[in-house]
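Protein chains in written order, with the numbering used here: chain P, 1 to 336; chain W, 1 to 428; chain D, 1 to 345.
Errors might be hidden in some of the hints.
To be verified - Chain P is nowhere near these chain D residues, computed Cβ spacing over 10 Å in every case:
no., residue
1, S20
2, I35
3, M204
4, S231
Unchecked claim - Below, simulated SDA-like cross-link-like pairs (lysine to any residue); rule was C-alpha separation at most 25 Å, straight line:
no., chain 1, residue 1, chain 2, residue 2
5, W, K84, W, Y130
6, P, K176, P, V155
7, D, K251, D, R261
8, P, K318, P, E217
9, W, K84, W, L26
10, P, K130, D, L84
11, P, K88, D, R42
12, D, K243, P, G69
13, P, K111, D, Y235
14, P, K176, P, A299
15, P, K111, D, G100
16, D, K22, W, I253
17, P, K197, P, N223
18, D, K243, P, N223
19, P, K176, P, V308
20, D, K243, P, G256
Calculated directly from the structure, the hints in this document are not laboratory data. Since we're looking at a predicted model, the values are computed, not measured. Just so you know, even glycine gets a beta-carbon here, dropped at the ideal spot from N, CA and C.
So the chains spell out like this:
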Amino acid sequence: MGNIMLEVNGLTTKYVTRFKENVYAVSDVSFTLEEGRSVGIAGESGCGKSTLALSLMGYYFAPLHYIKGDIIIDGKNISGMKPDDVRKNVLGTEIAYIPQAAMNALNPTRKVIKFIEDVIRAHDPKATKKDIFDLARQRFEVLNLPVETLYKYSVELSGGMKQRTVIAVSTILSPKVLIADEPSSALDVTSQKMVIKMIRDLMDLGLIKSMIFITHELPLLYNVTDDIMVMYAAQLVESGTADQMIFDPLHPYSKGLMGSILVPEDGTRDVKLVAIPGTPPNLKKPPEGCRFAERCVYATPKCKVSGVAYHDFDNNRKCRCHMSENELREAYANEQ
Amino acid sequence: MKNHIRQVLRSGKFMTGFIIIMLILLLVAVYPLLNPGNPLEMIGYNSFVKPGVYFSLYDSLDMESRHVYRFRLEGADELRIYNKFGTEDRIAVKEWLVRYGEREGVPGLTEEEIDVDDRYQLLDLWWEHYDPTLRLGMTIAASRVYQRLDARVAGIFNLEDYNVYTIWNEELEEYEVHQTTVVNDDYVNVNDIANRIWLPLGTENFGRDVMKQLVHAIRTSLMIGLVAGTIATAIGLLLGLVAGYVGGIVDDIIMFFTNLFTVIPGIVLLILISYSIGQEQRGAMTVAVVIGLTSWIWTARSVRSQVMSLRSRDHVNLSKLSGHSMPRIVVRDILPYVASYVVMAFVLQVSSGILAEAGLSMLGLGPKTTDVPTLGLMMNWAMRYTAHLMGAWWAYYPVVGVIALISFSLNLMNTGLDQVFNPQLREG
Amino acid sequence: MNEQSTITRITKNGYFKYFSKKIMWLGITLIAAVILNFFLPRLMPGDPIAGIVSRVAQGVYDQAALQDMYERYERAFGLDRPVLEQFFIYIGNLLRGDLGLSFSRYPRPVADIISSALPWTLALQFPAIIVGWTIGNVLGALAAYIRRAFDKTLMPLMLFVGGVPAFGMAVILLSIFAINLGWFPVAGGYAFDMIPHASWAFFMSAIDHWWLPFLSIVLIAIGGQALGMRSMSIYELNADYVKYSRYMGIKDRKIVRYVFRNAMLPQVTGLALQIGTMIGGAIVAEIIFSYPGLGTTIMLAIRTGDYPLISGATLIITIMVLLVVFILDIIYGLIDPRVKASQFE
């Protein structure tokens, strides 16, 4: 058991749309992440996983709004801090983010080194050019990135190189928590592999202390992270180790999601819906009862009216279901 | 698509522009019905007659055919003073007072003491100081001028009756003198007067009704814009589709010309072509065609780049694999995606077509002048006959206003469409 | 620093490729412009000489005199020779700066008339376009960044101002500020009792006459540019790099600088693409002020059927625009790294 790097308690945030509607995209999310461990978050598109990634940063700007909950990084609660404090002392140094669309994450008219300079100076205005350069060079060497990349504009880099550069830049200040939001989904297979290897190197070298990896591709999580959490309709519905979650999912939604692993790619929604019939609830007005009840084949009338807490199961697992572990296993056994 | 149309109809910008255009079209459709006639008919003997209702003075004096009513209106004299005591007379009064006001026993007046706009003060001072018998070293002619001025000032309050008018007697072939008594509280109803004309925007240099002309000009200019826009959009769309979809050498050739005409200013081509066509051959439609032929470049460029990115999309590839013919792929898999852009481009082309016609006409290369009025021609006439120096604002302000309004509302529609089809530009 | 020198070399190659492309393109467009200027009138239906004669000889009914005039013009144009030969003579004359003789101000050479009008147009339009471009971009960027009421009032205003043709704006300013308020002179490029010469009084008079046309072009340019810059800035503000930079803890003020720089750069090319239209509009605006530039020259030439002058003036305008576009392209290539990268795609 290592130190707890990240503890999240009851985090709830919302989006405000153009038409001033509230979309509660992250609702009552709680989990902990220990030093040296990585966790994957999986779920259908639109379930709120990307919003969760941004919400965890503790830095909110329109259209994302904080409602309640705590984010404690290495013992320090950042959710009560002033935005400028968070910007200066948390972002990049405590917690860092690799965006989903890393293709355009770098300013096209700024050289990589200049951008690194901006990042470092944002936290330490007194940093000298030489220190910055030395740090960047050393970091790029460690991560097997060509140092000349530092003197290029992002437009001059290939897709894979851009993504790896973004990862190196995101972790330049050795954050305690790294959040990677589908960092490899837009890349070809070779680049994907390089990106995953790079992220694992970062963990192995101790440059980052823990990691959250968000994806819709479950097999990828099995190879990359220690634990897996499944998210449905803005809530976590189940968590466990990667082995447990892939080979022995308990929550009916996780079960269905694992069943749809063979779906070739994102966007071919029709196939997925065969695996789990129905559509996720509207997050502008989430249902009162269990959010999965409408689509759940095991649902009872009770499920539709009363909500259910995210509670412990055996073997360090957590699940959000009215049924107990045994009831679930029984139900699955009967089906076969 | 349906969803998009609903969004377009909900867009405030688009609808504002659309409603303005519709109002203009309504005016164009209705006004000629209410007020028919040739817009180029020269109705006035004078140029630049100011806006207003005109009625025949002759008819208003004809007491037999119509009732005369008497009103005792308060302030009627004041208004008379206001209207009849003109600027020139007031300046002359002031001049006299300053120059000759000081005499024995009468204190002099300085420039600052007299306000030309204060009519009552001027009248009081005039009656107090003016003595028609005084010569004060003036020539006889000069003192006559002031005597006439005095008579005019007195005339403002003339309570005597006017009483003479003549009628042409056809049988005797001579003018008959009629006697009528008209006193200063006699009134006639305007509707009783046989001949009236309402000139909402006065007349221009040739004595033609500006409003009537303007309505016809809007129609012609809109037609020019539509024709030019249609031609430009059609050529641009066709070239863009071919260049973008076929690619290769065809693309290179089309792009070469497109790039060429991007940098060579359109106005130069317009001038050269319009001039070469010659004044006689240049009807409104010819001008529209010439404008259309020289303004397809932007549409072609943008359509091409969109088609290029569409060409490699999945649904297009699927269509290709299914062995669909090229025209079918273009029509069913590509056109729907560029349609929104083409509509926007068309809206802008119409607006720039109208502006191009105006510019050409200003240079003297507009449609031939005997045919139809256009907004550009009206502007050109107004400037050529120096309406602005004559203070005849009605001859050019409405034209500029209409051009600006049309182009504003079309741009507004375009912006509205843009916000619907490019959600990134939306407010929020 | 070995890597760096490699980069520098690539960079230099990128620029070199870009510049040589642009220079080649300048050459091609110049040739095309000359060819168009020569052939366009000759390709048109109708007989240009007959047109000129009918215009010049209004009121002359003597057939023999008309025939004589026709032949004279034909010879003056060299139209009695084969087209290709005419073209080479035309090119040869052009290279010597000879644009022929003006009909309406015979025997003044066209080149002479144009060179006395050109400085007026240059001094009026370039400052106006540059000032309008700058102010427009700043306003557009502010509208995109501040939004709210500022944007809500500025946008429709700019849309309206941008939609008014340059001559319309000229008439409005003229009637308000020159005719009604009397703050500025009504017409001309200098006081009518002066002869152009280098003196302080003449210069002041010219400045006096310059303001209104200048302002009318500036206003139009502001309208058009502000809208473009606004869209561009909104587009950039929504770009992924903005979000990423924020989550990396970079200050908003710095990010705004990124955004405006990135939005501003394409506006340089935007200007290059619009400059032809802008100059076209501004030239018409000159007429309103009877400004002694190319616009008024062209209008007078059209009125008097002075074909050599029209052709010469349009050629000069084209060359002027081509040069400006070329210079803007070069500047853009130097300041935007995206250009260099695109050379290796």
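Each hint, compared with the structure:
1. Residue-level check passed: S20/D sits 20 Å from the nearest beta carbon of chain P, beyond 10 Å.
2. I35/D, annotated as away from the interface, keeps every beta carbon of chain P farther than 10 Å; the closest lies near 37 Å.
3. Annotated as non-interface, M204/D keeps its C-beta farther than 10 Å from every C-beta of chain P; the closest such distance is 44 Å.
4. Against the 10 Å criterion, S231/D stays outside the reach of chain P, whose nearest CB is about 17 Å from its own CB.
5. Of the pairs offered as hints, the one joining K84/W and Y130/W holds, with about 19 Å between alpha carbons and a cut-off of 25 Å not exceeded.
6. For the hint pairing K176/P with V155/P, the CA-to-CA distance comes to about 30 Å; that exceeds 25 Å, so the pair is violated.
7. A threshold of 25 Å between alpha carbons decides the hint, and for K251/D with R261/D the separation of about 16 Å falls inside it, so the pair holds.
8. Distance check on the hinted pair: K318/P and E217/P sit about 21 Å apart at the alpha-carbon level, within 25 Å; holds.
9. Proximity of K84/W to L26/W is assessed by CA-CA distance (about 40 Å); at most 25 Å being required, the pair is judged violated.
10. Distance hint between K130/P and L84/D is unfulfilled; the C-alpha atoms sit about 67 Å from each other, more than 25 Å.
11. Among the hinted pairs, K88/P with R42/D is inconsistent with the structure: their alpha-carbon atoms are about 71 Å apart, more than 25 Å.
12. Distance hint between K243/D and G69/P is fulfilled; the C-alpha atoms sit about 23 Å from each other, no more than 25 Å.
13. The straight-line distance between the Cα atoms of K111/P and Y235/D is roughly 21 Å, inside the 25 Å bound, and the hint therefore holds.
14. For the given pair, K176/P sits about 40 Å from A299/P by alpha-carbon distance, which is inconsistent with the 25 Å threshold.
15. Our distance criterion of 25 Å between C-alpha atoms is broken by K111/P and G100/D, whose separation comes to about 54 Å.
16. Pair hint K22/D plus I253/W holds up; C-alpha atoms about 18 Å apart against a cutoff of 25 Å.
17. At roughly 10 Å between alpha-carbon atoms, K197/P and N223/P fall within 25 Å of each other, so this suggested pair holds.
18. For the hint linking K243/D to N223/P, the alpha-carbon distance of about 29 Å lies beyond 25 Å, and the restraint is violated.
19. For the proposed pair K176/P and V308/P, the alpha carbon gap of about 32 Å is over 25 Å, so the pair is violated.
20. This hinted pair does not check out: K243/D and G256/P have alpha carbons roughly 34 Å apart, beyond 25 Å.
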